[in-house]
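There are 4 protein chains.
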Amino acid sequence: MQPKKTVLVAGGDLRYGYTARVLAKVYEVWAVGFTRQVLPFSEVQLASLTDKGLPKFDHLVLPIPVSEDGIHLNAPFQTQPITVTDLIPLLKPGAAVFGGKFGQTAARFRSAGLTVSDYLAEEEMSTRNAVPTAEGAVQIMLEEMPCTLHGSPVLVLGFGRIGSRLAGVLHALGAEVTVAARDVADRARAELYGCRSIPLNRINAYAGNFSAVCNTIPAKVITEETLKAIQPDALILDLASKPGGVDWDAAQALGRRVVWALSLPGKTAPFTAGEIIAKTILHMLETDEGGVMHET
Amino acid sequence: MQPKKTVLVAGGDLRYGYTARVLAKVYEVWAVGFTRQVLPFSEVQLASLTDKGLPKFDHLVLPIPVSEDGIHLNAPFQTQPITVTDLIPLLKPGAAVFGGKFGQTAARFRSAGLTVSDYLAEEEMSTRNAVPTAEGAVQIMLEEMPCTLHGSPVLVLGFGRIGSRLAGVLHALGAEVTVAARDVADRARAELYGCRSIPLNRINAYAGNFSAVCNTIPAKVITEETLKAIQPDALILDLASKPGGVDWDAAQALGRRVVWALSLPGKTAPFTAGEIIAKTILHMLETDEGGVMHET
Amino acid sequence: MQPKKTVLVAGGDLRYGYTARVLAKVYEVWAVGFTRQVLPFSEVQLASLTDKGLPKFDHLVLPIPVSEDGIHLNAPFQTQPITVTDLIPLLKPGAAVFGGKFGQTAARFRSAGLTVSDYLAEEEMSTRNAVPTAEGAVQIMLEEMPCTLHGSPVLVLGFGRIGSRLAGVLHALGAEVTVAARDVADRARAELYGCRSIPLNRINAYAGNFSAVCNTIPAKVITEETLKAIQPDALILDLASKPGGVDWDAAQALGRRVVWALSLPGKTAPFTAGEIIAKTILHMLETDEGGVMHET
Amino acid sequence: MQPKKTVLVAGGDLRYGYTARVLAKVYEVWAVGFTRQVLPFSEVQLASLTDKGLPKFDHLVLPIPVSEDGIHLNAPFQTQPITVTDLIPLLKPGAAVFGGKFGQTAARFRSAGLTVSDYLAEEEMSTRNAVPTAEGAVQIMLEEMPCTLHGSPVLVLGFGRIGSRLAGVLHALGAEVTVAARDVADRARAELYGCRSIPLNRINAYAGNFSAVCNTIPAKVITEETLKAIQPDALILDLASKPGGVDWDAAQALGRRVVWALSLPGKTAPFTAGEIIAKTILHMLETDEGGVMHET
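Protein chains in written order, with the numbering used here: chain A, 1 to 296; chain B, 1001 to 1296; chain C, 2001 to 2296; chain D, 3001 to 3296.
Keep in mind the hints are simulated off the structure, nothing from the lab.
Taking CB as the label site, the calculated pair distances span: (1) B:K1004 to D:K3056: 57 to 63 Å; (2) C:T2079 to D:N3209: 35 to 41 Å; (3) C:Q2231 to D:T3079: 28 to 34 Å; (4) B:P1243 to C:K2092: 44 to 50 Å.
No residue lacks a Cβ here, since even glycine has one placed at the ideal position from N, Cα and C.
Work out the full structure: start from the sequences and follow the hints.
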């Protein structure tokens, strides 16, 4: 039996503690940039860069983003700053470096002969992240709305990964879900989920019928006119990444209740978010390593 | 066409504003104990007891409880206290008085020749209230748990109205739900819902497998031994009315995370809670009035 | 370790082969009235009444009904008729006899000092049987209707065990389900399931809106007037036991498509039906034997 | 108000009667190749090619396939054969011709200056057809399996449109669904639906665990080895178009129960299938006609 390959998890928030723990089911895992309090799992060995006995690592796992400034590791639990290039001597030649949003740091790893892989670009990652995102959206709706989701008319804009998950979950809770989508095949899919559907360019005609409007489209689809059509006490929830889908100035001027919800997976379900990162990396490695399946 | 019958909604919290609004679809509704801010609906006429032009009312709707002290109306939005008996002269002879938890006030109404009906005792009311209760429980779980409900093992104790609704909703969200119930037919019903089931007297053997344990049984079923079996970081959520189902002293001593959640409908979904009261009263009146259906 | 208790399964159709097999996980099981072809499971020992080496049995399991004529065992796979009283000498004193619809045979067993238990009367049995009944109804609807259940308006009469299961399954398949029930609490429960609801006495006003009408109420609720209101090409499915819920003469005269579906569990899912009988008997024995749980 | 545009529906089976009926909500619709018995809807005007008073048509709707031999219209209800080119003089210059699988007939229409559009190629069509296909598969499973789908372990191969719909519907009915898919993102999506997932290349290791195996992948994925691994009494259902996904010779030799199910929408739900064709054509025309939405 071969010795286990070694993985270094460096930096990141609470999620990465769980990422490390899941990876430790398959690999020998060390972590830098954490304290025992954040990462209380005995399966993972805590270390600091100055430790003598560190092994050379086969794989390096970095957070999202890898670095805020292109130089230092994004490591909120670390008091002493770590330079990204400090990590390179710890790795075996040709080691695989996994991270999300490398920015300029990618070039530094590549020039040291390392392979760089962005797990954020994997479809598995975005697919799985739709679950915590939709649950985070449901949490906000339950907190903000004075009525039950069961029986409430809700409009979901967009039917991509997040839109379809959110629509499905809301339907499962008994909400009366309408999906607005540009593409007729998306609208057909929404009807398969038990939702009604309308063309996206018709939302102003329908927007007044809903207790909540949830946007998942990364484009300014909730215009001033839409805002005027939405019931004054309806909740508007924007899940689209910046700049978001709501006309901010108009919403302010009209006094509409808008909740912007970004990065929900890490906020509402850090353990699951960390687990998703680990699963995605394991599957990326599996492909590289010739199809050995890691049962996680 | 006959003139509409008249209803007086007296006292209560935010919910009763919505109760009044729904009743106003069928009746002429007046309200005392509210301000226009709480009850901004033009369909309902605000009044105070000293107003001259008040009609005599066919029905009186009172809150839960009717009175805290057996003398004064439970009217949190009213600065001047109202005595329950002050309401009697406003009613027609033999008028129907609806309320929840009348206590000693029931006798006062009855001795004035009025009929007293407790809507809390109606099965419709408790059936419908399971929806906001389950949604409130889901909200707390989403807030408190670091993982998604999707994929999380959850134990629900009891399979009555609330337990079955909660188990169904959690299953719909993708949780792996196990139901513990004393009665074998309840366990069979839980399996129909897609849940696993265990006998209630076996929970100590299984309790260590769950990320959350939700109790709906109004009896001390989560004993010190059960608490010791539950994972230290699992959420324990008690939905059972006082004294609740958790051994409080043991939970304190063991440092377990317990959330007691009472009266969820009014807290998490006041509009729906008010609507449920209105629907229940309408159906009670419908029966009395010879089966005329009120489409609400 | 004690020797296993012994069970004799006597007579019945295909279902009882599977009942015997499930019981054989816990007991030593023998069967009479079967051939190896019907009961190909090596866990169960086939025997005939004239065999010498038969043990004395702790429990006897009989079919539904126990006997057609009150004298002979209901044993369709047996060419030689077996008299019910022939079974008595095979049993230990005080043995437990399980069956469904004993009729006059109950007295014969009791007078021999045996205990008689009707598993058909157990709530667990009827609860679990709602699953194969609803699936059988869905099968008929899929076979008979020219449109998908998804998107079709369907009326379900009654919201007891079968009505609620059927309504839930149809809703899960995307049908637009309306439930007609007499009791307002049942109508409220139907709404919790995502269905619309109407009072049973209003069905004639609504019956014209549906592609299928499924009755689960054991009373003549589909009268001539209702039949006239139902669309001519709608499917009418009657799941209520004889005499059924449809005015047969009127249906004939009007030429309406009515499917009477009785005893669906045994017809559509004999294995599951047999398993349900076994589980119910195991739970009945468990209670008698002091709460030892049989994991099946 | 402009006069309605005119549509000719020519040939096809029962489905096209319903297609014609749905189109008649928006257009003036005539049909050739039908009898009043097949097409009893007064909204559609039956005609024969020799009729004098026929208008010139804006649109022509043809069946799947348009022609079996490349010359004559596929018109099973027509006793006199119709040549495809006979239809051309009935159309306005530049009229739009809709059909499925035109084959060589496309060239004939195009050379007459007509536009040719294949509705089978529309994503909306294949998306919506997944519903009747999945319901047809469920019907077959209910008919063929001796156990309920509720609680039965079922393997679905593939997670495209049909695989995902089928898996979702089976899960909704309470089956324990495992999805085998090549792509890790598809496996992740299957888990979102509440299913387990395995890599497609591992099916031989798992195939023995299921009561039914349903293939939706158009490639020979159920090999002799897989067939040997599948339980002898399990149902094998192949929904993939010819040549199908099962090694036919091996299945014969092994005596396995395989059901090949092709063209399920037209067989199990002709009305819905016709409606889907109509909706798809309406949306294709809508785009052409500048986004006027046809509410159907």
